[in-house]
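Chain residues, written in single-letter form:
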Amino acid sequence: MNEITQLSDWTEANWTWSQAVTRRDFLATSAAAGSLVLMASASEGIQKAEVVEKLGEFQPDFFVGIAPDGTVTVLVHRSEMGTGIRTALPRVVADELEADWARVKIEQAPGDKRLGDQNTDGSNSIRFFFDRMRIAGATARTMLERAAAKKWDVDASECYAENHRVKHQGSNRSLGFGQLVEEAAKLEIPAKEELTFKPRDEWKYIGKSVPLTDLDEILTGKAVYGIDARMENQLYAVVARPSVVGGVVKSFDATKTKQKPGVVDVVEIPKFEGAPVFQPLGGIAVLADSTWNAIQGRDALEIEWDLGENTSYNSEAYAEQLKKTVNKPGTVVREEGDVSGPLEHATKLIKADYYSPHLAHASMEPTCAVADVKTDASGKVTSCHVVSATQNPQAVQQAVGPAMGIDPAEVLADVTLLGSAFGRKSKPDYCVEAAILSRKMKRPVHVTWTREDDVQHDYYHTTTAMHFEASLDKDGKPDAWLQRAAYPSIGSTFNADTKEPVGFEMEMGFKDLPFQLKNLRVESGEAIAHTRIGWLRSVCHIPQNFGVSCFADELAHAAGRDPLEYLLELLGEDRHLDLKKAGLGNRGASADDYPFDIGRLKNVTRRAAEMAGWAKKQNLPKGRGVGIACARSFLGYTGHVVEVEVSKDGTVTIPNVWVSLDSGTIVSPNRVRAQLEGAANMGATQALYGEITFTDGVADQSNYDGYQMTTLADAPRNIHMDVVESDAAPSGVGETGVPSLAPALCNAIYAATGTRIRELPISKHDLSWS
Amino acid sequence: MTTIRVNGQEHDVSGVAPETPLLWVLRDTLGLTGTKYGCGISMCGACTVHIDGESAQSCITALSDVGDSEVTTIEGLSEDGSHPVQKAWKEHDVPQCGYCQVGQMMMASAMLKSNNDPSDEDIESEMWNICRCGTYPRIRAAIKTAAKEMQN
Ligand code: FES
Ligand code: FES
Numbered sequence: 007m008n009e010i011t012q013l014s015d016w017t018e019a020n021w022t023w024s025q026a027v028t029r030r031d032f033l034a035t036s037a038a039a040g041s042l043v044l045m046a047s048a049s050e051g052i053q054k055a056e057v058v059e060k061l062g063e064f065q066p067d068f069f070v071g072i073a074p075d076g077t078v079t080v081l082v083h084r085s086e087m088g089t090g091i092r093t094a095l096p097r098v099v100a101d102e103l104e105a106d107w108a109r110v111k112i113e114q115a116p117g118d119k120r121l122g123d124q125n126t127d128g129s130n131s132i133r134f135f136f137d138r139m140r141i142a143g144a145t146a147r148t149m150l151e152r153a154a155a156k157k158w159d160v161d162a163s164e165c166y167a168e169n170h171r172v173k174h175q176g177s178n179r180s181l182g183f184g185q186l187v188e189e190a191a192k193l194e195i196p197a198k199e200e201l202t203f204k205p206r207d208e209w210k211y212i213g214k215s216v217p218l219t220d221l222d223e224i225l226t227g228k229a230v231y232g233i234d235a236r237m238e239n240q241l242y243a244v245v246a247r248p249s250v251v252g253g254v255v256k257s258f259d260a261t262k263t264k265q266k267p268g269v270v271d272v273v274e275i276p277k278f279e280g281a282p283v284f285q286p287l288g289g290i291a292v293l294a295d296s297t298w299n300a301i302q303g304r305d306a307l308e309i310e311w312d313l314g315e316n317t318s319y320n321s322e323a324y325a326e327q328l329k330k331t332v333n334k335p336g337t338v339v340r341e342e343g344d345v346s347g348p349l350e351h352a353t354k355l356i357k358a359d360y361y362s363p364h365l366a367h368a369s370m371e372p373t374c375a376v377a378d379v380k381t382d383a384s385g386k387v388t389s390c391h392v393v394s395a396t397q398n399p400q401a402v403q404q405a406v407g408p409a410m411g412i413d414p415a416e417v418l419a420d421v422t423l424l425g426s427a428f429g430r431k432s433k434p435d436y437c438v439e440a441a442i443l444s445r446k447m448k449r450p451v452h453v454t455w456t457r458e459d460d461v462q463h464d465y466y467h468t469t470t471a472m473h474f475e476a477s478l479d480k481d482g483k484p485d486a487w488l489q490r491a492a493y494p495s496i497g498s499t500f501n502a503d504t505k506e507p508v509g510f511e512m513e514m515g516f517k518d519l520p521f522q523l524k525n526l527r528v529e530s531g532e533a534i535a536h537t538r539i540g541w542l543r544s545v546c547h548i549p550q551n552f553g554v555s556c557f558a559d560e561l562a563h564a565a566g567r568d569p570l571e572y573l574l575e576l577l578g579e580d581r582h583l584d585l586k587k588a589g590l591g592n593r594g595a596s597a598d599d600y601p602f603d604i605g606r607l608k609n610v611t612r613r614a615a616e617m618a619g620w621a622k623k624q625n626l627p628k629g630r631g632v633g634i635a636c637a638r639s640f641l642g643y644t645g646h647v648v649e650v651e652v653s654k655d656g657t658v659t660i661p662n663v664w665v666s667l668d669s670g671t672i673v674s675p676n677r678v679r680a681q682l683e684g685a686a687n688m689g690a691t692q693a694l695y696g697e698i699t700f701t702d703g704v705a706d707q708s709n710y711d712g713y714q715m716t717t718l719a720d721a722p723r724n725i726h727m728d729v730v731e732s733d734a735a736p737s738g739v740g741e742t743g744v745p746s747l748a749p750a751l752c753n754a755i756y757a758a759t760g761t762r763i764r765e766l767p768i769s770k771h772d773l774s775w776s
Numbered sequence: 060m061t062t063i064r065v066n067g068q069e070h071d072v073s074g075v076a077p078e079t080p081l082l083w084v085l086r087d088t089l090g091l092t093g094t095k096y097g098c099g100i101s102m103c104g105a106c107t108v109h110i111d112g113e114s115a116q117s118c119i120t121a122l123s124d125v126g127d128s129e130v131t132t133i134e135g136l137s138e139d140g141s142h143p144v145q146k147a148w149k150e151h152d153v154p155q156c157g158y159c160q161v162g163q164m165m166m167a168s169a170m171l172k173s174n175n176d177p178s179d180e181d182i183e184s185e186m187w188n189i190c191r192c193g194t195y196p197r198i199r200a201a202i203k204t205a206a207k208e209m210q211n
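If you're matching them up, the sequences are chains L and A in order. Following the numbering used here, the numbering of the first sequence begins with 7 at its first residue and continues without gaps. Following the numbering used here, the numbering of the second sequence begins with 60 at its first residue and continues without gaps.
By construction, these hints were calculated from the structure, which means they are not laboratory data. Hints are all accurate, no fakes.
Each computed BS3-like pair below joins lysine-lysine, with the alpha-carbon atoms no more than 27 Å apart:
no., chain 1, residue 1, chain 2, residue 2
1, L, Lys483, L, Lys586
2, L, Lys214, A, Lys203
3, L, Lys214, A, Lys149
4, L, Lys157, L, Lys60
5, L, Lys228, A, Lys149
6, A, Lys146, L, Lys111
7, L, Lys262, L, Lys277
8, L, Lys214, A, Lys146
Required output: the full structure, derived from the provided sequences and hints.
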């Protein structure tokens, strides 16, 4: 239980209004709670954290402030890693405020609990904060309108904001936002109930595309990522970590290292205790005057390791074990009807095993952080400032705080741009390393992970075995469906005793099977982790949607049916899946706002097929084929059709991808399209090449030479997109585009070649034909 | 005194070991952090710069190999982001996280200098940079737009 709570804190924060109080609520309650006192008494770091409260002379809400010159400053508390969130959230505030976008400035927030969830993960940013940003904007607008009414001595209902001014209905009087700042700052902050919101048809910015906030900086090389963050007088550090998780340094000799040019010192970092969580792997750090000199110094280290128990981890043997596990009864996690009778007496029984390997995040920028820790004469930490490429600055506070012996709230955790992240950068072990080293060196230290460090010491995407069985009735439709999955769980990173997938993992494309079946059983099996398991863009959807959607395609072919029609029939009637009956948590979202709507899932499936011209692509010459799959993930819906060409020598190319997405209300259409393009590429990369294996506990891959990525030449060539217009509540986007790509691709390969891909990556299979 | 010329300026790098890759000289010694690290083994293209106008991977170019060649980094590609490649990248909203894009633009601008009408095949073989965010379709489109401008 405990691990689940802790886990949900990190990954699935059940965001509620009470967690993200508005500034009004905060001012009302904080005196009693004493938090302001705590804030005021703190070190240098904390005072700087109060930037959160200094966005402008008039700041009615944590997220928005206005200066007398009219500049509107919006605070962004989520991390920018390529989704465009530093543009999207401020657009929502500006729209509701009636601000002129050209006069909006954007500030990045440090970690601060008062802002609500900051874990930029789980495709949650718009879902969690769309309404919250509207409240920020509406609060400021209402107060500006009231301030104008006071100045003109008219009723506030006669005043309305428009394009950075407040105007009076009955006259042609108007005042700019800046001119109202002084008056507005004196007013009571209105309660939520007093606010009115712009109707949807008056939105100016929501649903309209605009260039990225950081575009010019990116294009001129001025954008600052974690690897570029600099503090005065900083040292550059790299760390030699144990090649096996749980390993420790027995002894080391740094003599040669210390003779290397530029090397300043060598420092041991202790290993995590208990479960890894976000504490360092441990090892020996080399500190130097440049990254390169630190790397050279590290190469010269002589270290004797005790690598520990996980040296037993060998991927080949482990995969065999996992496959055995899923061929035995496991823990039932969902049951409807009774599968045993039909499966036993089936006239046509289809069985298949599926498997997918570990993956590494390999974000383009490796993990990097710079820290400045100050101590008093007794060695006690008096201030701690960390600047990093992090998806979750509050996790930085929570991980670094205890390591420094201070309250997490006293850690000033600033956020740079992230050179992509995919979940890796919500795990701040690298920030703790930087803080430990800075404390020891009494000066700022920048830790860079080399690509080898990144690929060899990741929090890996798990490795999964699945088993499927279905009995087909005389019409070729399944009258019973059994599926099992086993994989080392993310839970093991937080609680070493975790032996089976935890709830939210099974609900990512497996327990939430959307098919209408009389008899269904879903089971999970045991699997012990021997490395750090983390979450990677779309997480357990990667293997589970691959298995489920490919097995559905197998059944269609076994029944001699068109895969699209068969899939739509499996999905069944337009209906809302009974979440309670199926025991689904729905990512903490209510079934009213976010029903599991089979109608929407079928809709995107059909739309993708229509766009692709599905019917016309059924009898392509050998070597060419299309495949289809659909998924509900992160509360959004996708249908994918992928077209492949497999040359005689077995080379796979992807000339076309068609994807239809329904994620409800859309804030930034162009960024949503970019995410779909990116997701198609990532799904294809992983399916084609993605594989991390272990030998004696050590990852066999270490860089982009062994861990292959697509480039422009082999990435999906044309990505045709359709974003459903909808006024439903906004759901996820960033991860939603990934899950149905890989199975559609594998189904296309079957159509093209007759070879069924049941194990990823595709590159392991010989697809040549004559 | 050892010096290198970067973006038209002479820099004293006497204190730097000659085998140090140009990438780290740019980033850590000269503070030109626009050039990015991605792999260190010439597999990703993130560190691409121009040496005497030709694309080169700074992660595998030793300082001593630079000699008196002219190095151009993103900071010197244009003064104000007005290189045709930068403009095309803007027009197509190419970047997602943006981290690989400096290398992509340096690679593309070098290619276009010698071939201002690249075919799809040319683009595919020259642009081997990795973009983890998957901006490839937009890169392809932006290169074609930039090529048009460079033809005029
Ligand atoms: S860092 Fe030079 S090619 Fe990757
Ligand atoms: S834009 Fe993120 S790696 Fe290319």
